[in-house]
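Please build the complete structure, drawing on both the sequences and the hints.
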Amino acid sequence: MATLDLKTISKSFGEAKVLHDIDLAIRDKEFVVFVGPSGCGKSTLLRIIAGLEEATKGQIVIDGMDVSNAHPVERGISMVFQSYALYPHLSVYENIAFPLRVARLEKDDLDRRVRRAAEILQLTDKLMLRPGQLSGGQRQRVAIGRSIVREPKIFLFDEPLSNLDAALRGDMRVELSQLHKNLDATMVYVTHDQVEAMTMADRIVVLNGGRVEQFGSPMELYHHPNNKFVAGFIGQPNMNFVPAKVKAISAKGLTVVLDAGPTMVLPVETEGVAVGDAVEVGIRPEDVAAGDTLDVEIRVLERLGGIAIAYGKLACGTNFCASLDGDTAVAEGTTIKLAVAPADAHVFDAAGRVLRRRAAPALVA
Amino acid sequence: MANASTNIAAAGPRGPKPRRAISGRNIMIYGTLGLVALYYALPLYVMIVTSLKGMPEVRLGHIFAPPVEITFQPWVKAWAQACTGLNCDGLSRGFWNSVRILIPSVVISIAVASVNGYALVNWKFKGSETFFTILIFGSFIPYQVMLYPIVILLREMGIYGTLGGLVMVHTIFGMPILTLLFRNYFTSVPEELFKAARVDGAGFWGIYFRIMLPMSMPIFVVAIILQVTGIWNDFLFGVVFTKPDLYPMTVQLNNIVNSVQGVKEYNVNMAATMITGLVPLTVYFISGKLFVRGIAAGAVKG
Numbered sequence: 001m002a003t004l005d006l007k008t009i010s011k012s013f014g015e016a017k018v019l020h021d022i023d024l025a026i027r028d029k030e031f032v033v034f035v036g037p038s039g040c041g042k043s044t045l046l047r048i049i050a051g052l053e054e055a056t057k058g059q060i061v062i063d064g065m066d067v068s069n070a071h072p073v074e075r076g077i078s079m080v081f082q083s084y085a086l087y088p089h090l091s092v093y094e095n096i097a098f099p100l101r102v103a104r105l106e107k108d109d110l111d112r113r114v115r116r117a118a119e120i121l122q123l124t125d126k127l128m129l130r131p132g133q134l135s136g137g138q139r140q141r142v143a144i145g146r147s148i149v150r151e152p153k154i155f156l157f158d159e160p161l162s163n164l165d166a167a168l169r170g171d172m173r174v175e176l177s178q179l180h181k182n183l184d185a186t187m188v189y190v191t192h193d194q195v196e197a198m199t200m201a202d203r204i205v206v207l208n209g210g211r212v213e214q215f216g217s218p219m220e221l222y223h224h225p226n227n228k229f230v231a232g233f234i235g236q237p238n239m240n241f242v243p244a245k246v247k248a249i250s251a252k253g254l255t256v257v258l259d260a261g262p263t264m265v266l267p268v269e270t271e272g273v274a275v276g277d278a279v280e281v282g283i284r285p286e287d288v289a290a291g292d293t294l295d296v297e298i299r300v301l302e303r304l305g306g307i308a309i310a311y312g313k314l315a316c317g318t319n320f321c322a323s324l325d326g327d328t329a330v331a332e333g334t335t336i337k338l339a340v341a342p343a344d345a346h347v348f349d350a351a352g353r354v355l356r357r358r359a360a361p362a363l364v365a
Numbered sequence: 001m002a003n004a005s006t007n008i009a010a011a012g013p014r015g016p017k018p019r020r021a022i023s024g025r026n027i028m029i030y031g032t033l034g035l036v037a038l039y040y041a042l043p044l045y046v047m048i049v050t051s052l053k054g055m056p057e058v059r060l061g062h063i064f065a066p067p068v069e070i071t072f073q074p075w076v077k078a079w080a081q082a083c084t085g086l087n088c089d090g091l092s093r094g095f096w097n098s099v100r101i102l103i104p105s106v107v108i109s110i111a112v113a114s115v116n117g118y119a120l121v122n123w124k125f126k127g128s129e130t131f132f133t134i135l136i137f138g139s140f141i142p143y144q145v146m147l148y149p150i151v152i153l154l155r156e157m158g159i160y161g162t163l164g165g166l167v168m169v170h171t172i173f174g175m176p177i178l179t180l181l182f183r184n185y186f187t188s189v190p191e192e193l194f195k196a197a198r199v200d201g202a203g204f205w206g207i208y209f210r211i212m213l214p215m216s217m218p219i220f221v222v223a224i225i226l227q228v229t230g231i232w233n234d235f236l237f238g239v240v241f242t243k244p245d246l247y248p249m250t251v252q253l254n255n256i257v258n259s260v261q262g263v264k265e266y267n268v269n270m271a272a273t274m275i276t277g278l279v280p281l282t283v284y285f286i287s288g289k290l291f292v293r294g295i296a297a298g299a300v301k302g
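Chains as they are written, first to last, in my numbering: chain E, 1 to 365; chain U, 1 to 302.
No lab work stands behind these hints: they were computed from the structure. Warning: the hint list may mix true and false statements.
With a cut-off of at most 16 Å between alpha-carbon atoms, the simulated EDC-like pairs for lysine to aspartate or glutamate come out as follows [said to hold, decoys possible]:
(1) U:LYS124 <-> E:GLU286
(2) U:LYS124 <-> E:GLU53
(3) U:LYS126 <-> E:GLU54
In structure tokens:
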């Protein structure tokens, strides 16, 4: 239905600059998730797209039309808020009908569209209730209903699931993904939860400090993070960063000595580093297996059933986390030997830039 | 319950600890309350009793004695026959004048102030904070300072001495406090509701009439109470900005009670005073229930 292009969007609140020249091209029917820590500017960016806030600089182009100065409703967008923002004095029916009433739609047409939205969201038997009589999940569905009746070009979601409990959040995640397929619409979704980002997105925008750190598919971000920030943000539990020194550079890649002792040969691009440079080796907890490279002193073991997560320290004092088999016999307070396949390790230079891995799994679509 | 029973549910005493109806503490509290109530009710009692007596009985001077012969003549006279100046049609003239002043003043002042408050909260413009500060500052200037300038202003506009002029004065003087009232109330309405309405396509008036107005009934009731009692009880503006034919009820009451010729008809004066006080009294009685009603439940999470 619509493409969305952001061109050099900047935003300042007085002296504080919260967004720095954001350039993004979002494709038709794409589900894009903005993810980042609190205060990274993701909600501000969404409000700028919605037209609720003005960009200090830059353009917003929807379907080839510059809408930077257009009112929210003229942009053909609709938005779902974190707090649902339902009108408390109106019934569910009237809440969903509100955008249509404002647009002065004919009665029959309005009724038909409200009922269809209610059907999609399983709210048909709740239409006469007030928002106050609904549960959190139902309220969120009403808010989504209100956003779909107008048949907008682009849906905007501002952390819509943060107020729900964990179980409901999982259900709603699936429902939203399904809704995206059914409606075949362009959606932009803001969250601070990387699980939501990984599970729902076609492509993820990782924001940090008002800058785009990386824009790509979930698996691309997972396997080829641009920098240390993205690597640490994507993936659960977080990636371990182990300090190391470059010992040699060869055709096979980088030979590094970990501060914890062992030497590893890592198959990565070696451009920009020299022998003797300090680097950090990024190791995902789930890439770790029993072996003989790393000595880890286990402090805490969290058994989740299928897997067990071990938190410990390396010989050099760096915190290290490993994802082990659920039935592992490892005991807290002991030291175990682990290893990681060199191809699975990530390397970051002193500035946090990644040295691209040569051998990584082929990306799934 | 204060002393909800613990896990031994069946056995043992239950419910709050019984209290004796007459204890030293209760006697103190109810005694004091009774005395104070009596003190405040006594003048009202004297007024009612006096207004139901004929003049011969009043002249006897037993102000606390109940009427021997109940008569409603003083009430009738106060309403329809009492003289002020040349007019001898009683308080009814003043009553209708007051109504004609009250209704447009209340409606216009609340309409304008609520839109003011709404704009100040949700449609912030450059200098809106300054504008608000100036408006609030206006409420600290004593009325007396502005009386004469306003007389001149109204004269130049050609509406001095008319009801329209007085309505305008009431509207303007109600503005600071009412705007403050509405602004503070609208601040408590979640901002996301306003944003959602904007995304849904509603404009300035659409949001005001469809969202803000229906959600803010409690504060409208408060504003109506404030304005009705304030304007009804106003004396100063009434006497300064109108002429005898158009005097509001309060001014006319004063003229009836303070007229110096002839016999002082205490019974008529009492009746007239009670009639004048009926409107604010009614407002308080009716509005009590409407006063506290939180309608914002369920708007946002929780």
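Results of checking the hints against the structure:
1. Among the hinted pairs, LYS124 (chain U) with GLU286 (chain E) is inconsistent with the structure: their alpha-carbon atoms are about 52 Å apart, more than 16 Å.
2. At roughly 13 Å between alpha-carbon atoms, LYS124 (chain U) and GLU53 (chain E) fall within 16 Å of each other, so this suggested pair holds.
3. For the hint pairing LYS126 (chain U) with GLU54 (chain E), the CA-to-CA distance comes to about 15 Å; that is within 16 Å, so the pair holds.
When each numbered hint is compared with the structure, a violation occurs for hint 1 only.
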